[in-house]
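Produce the entire structure from the sequences given, and follow the hints as far as they go.
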Amino acid sequence: MTVLAFLSRIGRGCFIDEVVAYLQFCVDWHQAGQFVAWANTVDDYLLQNGQSEETRAAALRAAGSMPSFWLKRVAVAWLRWRGLRVFYRGQRRLAPYADFLSSIASGERVYHSDTGIRASVRLAEDLLSHEISPWQMTAKWDGEPVRLFSLPPELQGEVIGGAGIPFSTNLPVAAAYAQRQGEFIYVTLQRIEDLNAADGWGYEWESEWVALHQVSRMSIVKSIRIGVLPSYGPPH
Amino acid sequence: MRRPVDIYREMFLKDLSVRGQLTEQQAIQSLDANWKMVDERTEDPSWPADQRAARRIWAGIGLLVFGRLDRLVDVVRDLAQFPDAAGYKIARHYIAAIRKLVPFPEGLSLHSRPRDVLAWLEANRSKLIWDEGAGRVFQSSSALTDAVAVSDTAPLLTPPQSSLLALDFASWVDSQWLQPFLQVCRDHSLNILIPDLAMYDLAMHARRYDDWLGVVGQLRGVTDLIYAGRGVGEMMREEIPAGKPIRSVVDLDVTTHFRLLLTGLNRGDDTIARSVFSRMNSIIDSESRVRDHPDVNRTVVAALQEQWVKSLAPSDLESLERGDETVFVRVMSELATTAVVFQSAKNDGCTDDAAFALTSGNSLYSHLVYALLAVALDGLAKNKSYNFAADGQPDPGPDLDYLCCAAFCSSFPVRDTRLRRLYKMLNQAAAQRTVKMRDCIEADQQVPSQSRLVHLVQAPPFTIPCKLAA
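First to last, the protein sequences are chains S and A.
Just so you know, we're using the working numbering here: the first sequence kicks off at 1 and counts up by one.
Just so you know, we're using the working numbering here: the second sequence kicks off at 1 and counts up by one.
Bear in mind the hints are in silico, worked out from the structure with no lab data behind them.
Among the clues, some could well be false.
As the list claims (entries may be wrong) - Counterexamples of contact, computed for chain A against chain S with all Cβ distances above 10 angstroms:
| no. | residue |
| --- | --- |
| 1 | ASP15 |
| 2 | ARG19 |
| 3 | SER46 |
| 4 | ARG55 |
| 5 | VAL73 |
| 6 | ILE90 |
| 7 | ALA170 |
| 8 | SER189 |
| 9 | MET204 |
| 10 | HIS293 |
| 11 | GLU306 |
Stated by the list, open to error - Quick list of the computed label-pair ranges, beta carbon to beta carbon:
| no. | chain 1 | residue 1 | chain 2 | residue 2 | range |
| --- | --- | --- | --- | --- | --- |
| 12 | S | GLN181 | A | LEU252 | 34 to 44 angstroms |
| 13 | S | CYS26 | A | PRO83 | 49 to 59 angstroms |
| 14 | S | GLU131 | A | GLU238 | 47 to 57 angstroms |
| 15 | A | ASN281 | S | CYS26 | 53 to 63 angstroms |
| 16 | S | GLY64 | A | ASP70 | 35 to 45 angstroms |
| 17 | S | ARG118 | A | ASP70 | 40 to 50 angstroms |
| 18 | S | GLY107 | A | LEU252 | 32 to 42 angstroms |
| 19 | S | MET66 | A | LEU252 | 52 to 62 angstroms |
| 20 | S | ARG92 | A | GLU106 | 19 to 29 angstroms |
| 21 | A | VAL73 | S | GLY64 | 19 to 29 angstroms |
| 22 | S | GLU131 | A | ILE284 | 27 to 37 angstroms |
Every residue gets a Cβ at the ideal spot worked out from N, C-alpha and C, and that includes glycine.
Take a look at the structure:
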């Protein structure tokens, strides 16, 4: 244990953690097809019967448990014990030395005519001051402007999801966002406490997690080119 | 088994909530706001066209799910134009709602033949109505066929050629007055026009379903005699561009739906009634903002009253104050008064020819101007209580609407004696005016037709102080 602790670094797992993360990725890759079939079954059930909590539970019962090989469970348990988790993300290829950035931090979107990390932080603070979760808003609205009845006036028409960076713990979900030329799937290993699960939005099996503002590229364990995996979810 | 529409409503309410639960009305407001935002930001380079289309598709389907069909054609157009938009996270779970809620013909698929679906929708949009009871759209022609099979009435609905009596809201809700009236209509097969305004007034005043149904249900015994009126604004907008007077105040589509509603009630089925009530109740507040402008109406009529005082001879004013109806009819039938109509039409953007056509023909526009002038004149004359320059006067707007709809009917036997009297005097004035105009035009036969207008263009005593089309 002392050796393992010595090898660990802040914000990133040790070599053994990375090996375990890679092992989990291999299992996820192997099981991607089964996962997509299972998720589509549940998806169809919900489109037929609705979205209430009871219906979701019934859908999960009807489709059976999510495919999960024992080796993956071991890998996940190990990483959890280490405070880590594998998160996948599909996006355009990162520039050399660039980190993952929220859409406002990267300059793709603006918040109150401002952009960059500072604007991204300001948006998150403004949302929190109104008791609105910036993680949830990223999961819901991503990088698009929105107007909602219960939003405060200063946030109406703004890109309220622009402070976050979405990841998924399911490889085929991330793969759906890496289907075009120049897009990659990134396998990252991150501290669980640095991200928030997007509960209450989307489907549980999308397993969406959101980090705010910036995630170091040092978290990348592996990157994969487009179009090599079955994907679940929207193509963009 | 839950209705698909309830499932989709639940999904949208969840989508749209930020803090706490939303009401359906608030959800509709949010969907509307998002639709408008997309339209406002078509030039935003950071918001690609297919993402914007996905948002519009999402918002438009949301409005459909809450019973609004006004964006449906645009949604299908977006789907045909931006097929990728259907795959976006925001839209993908809702696309199926269109197929589940709209009765497309067999073989038409939104997925494989979106342009055919669009063409079908554009051709049938006016026949589609939301049925809240069933939680889906239905197509009126098929529903009409069903109703015809049940009631065994005439196969096709056409506007009545004669014997059309207009009803106003006050008379409709007064059951003691209404019942004998309906009996006469039944006995003599007289058709009844329910003006668009009366429907609106009912929705405004009866906010509970039972109250609303109580009033509507009184017409159950005369289902085959009922005709629904078109909106005055709609008819006027139709007339002004080409100067072509409307042919009928009857809205056959609405009449069909209204008769279906009454037929349903006669069978003990209030499904359509509930649907119509729910629909009207959901839009009535926004409708009220568009329709109700009592202060503007009062200001315009008060200004006309001032103009009448300045332009009328003192002896005519005295006679009017004594209640001399012959003077009222004479003043209203003078060509100088007709010139006000002509100038008003010109002021509303009509060409000389179009203005002349509206002035000389049996147009809704001319009836509206005459009604406006008559209400103002009447306020000066016998009915001093209708001096609209004073505070606390009623809104003259509804009277104007009823009077100009009634101008297309054979009678206006309403409870309000003042309205009845105005209607009678306007009819008499119209008859005299027709004779005067015919004589005037015949006298001008030797000169180019445009010069006929001289009589009308020259020196109207005053003008309407606003654009009526606005």
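Return holds or violated for the Cβ distance of ASN281 (chain A) and CYS26 (chain S) against the range 53 to 63 angstroms.
holds, 59 angstroms
Honestly, do GLY107 (chain S) and LEU252 (chain A) meet the 32 to 42 angstroms range at C-beta?
Violated: the Cβ-Cβ distance is about 57 angstroms, outside 32 to 42 angstroms.
Taking the minimum C-beta separation from ILE90 (chain A) to chain S, is that value above 10 angstroms?
violated, 8 angstroms
Just double-check SER46 (chain A) for me: nearest Cβ-Cβ distance to chain S has to come out over 10 angstroms.
violated, 6 angstroms
How does the Cβ-Cβ distance of GLY64 (chain S) and ASP70 (chain A) compare with 35 to 45 angstroms: does it lie in that range?
Given about 43 angstroms between the Cβ atoms, the range holds.
SER189 (chain A) non-interfacial with respect to chain S [C-beta, more than 10 angstroms]
For SER189 (chain A), whose nearest Cβ neighbour in chain S is about 51 angstroms away, the distance exceeds 10 angstroms, so it holds.
Does the Cβ distance between VAL73 (chain A) and GLY64 (chain S) fall inside 19 to 29 angstroms?
violated, 42 angstroms
Compute the least Cβ-Cβ separation between ARG19 (chain A) and chain S, then decide whether it is above 10 angstroms.
Its Cβ does come within 10 angstroms of chain S, the nearest being 5 angstroms, so this is violated.
Does the Cβ distance between ARG118 (chain S) and ASP70 (chain A) fall inside 40 to 50 angstroms?
For ASP70 (chain A) against ARG118 (chain S), whose Cβ atoms are near 42 angstroms apart, the range 40 to 50 angstroms holds.
Taking the closest pair, is the beta carbon of HIS293 (chain A) still more than 10 angstroms from chain S?
holds, 27 angstroms
Could you let me know if the closest chain S CB is still more than 10 angstroms away from the CB of ALA170 (chain A)?
It holds; ALA170 (chain A) is separated from chain S by about 37 angstroms at its closest Cβ, greater than 10 angstroms.
If we take the beta carbon of ASP15 (chain A), is the closest beta carbon in chain S still more than 10 angstroms away?
Contrary to the label, ASP15 (chain A) does not stay out of reach of chain S, its closest Cβ about 7 angstroms off (not over 10 angstroms).
The structure is inconsistent with the numbered hints 1, 2, 3, 4, 6, 12, 13, 18, 20, 21, although it conforms to all the rest.
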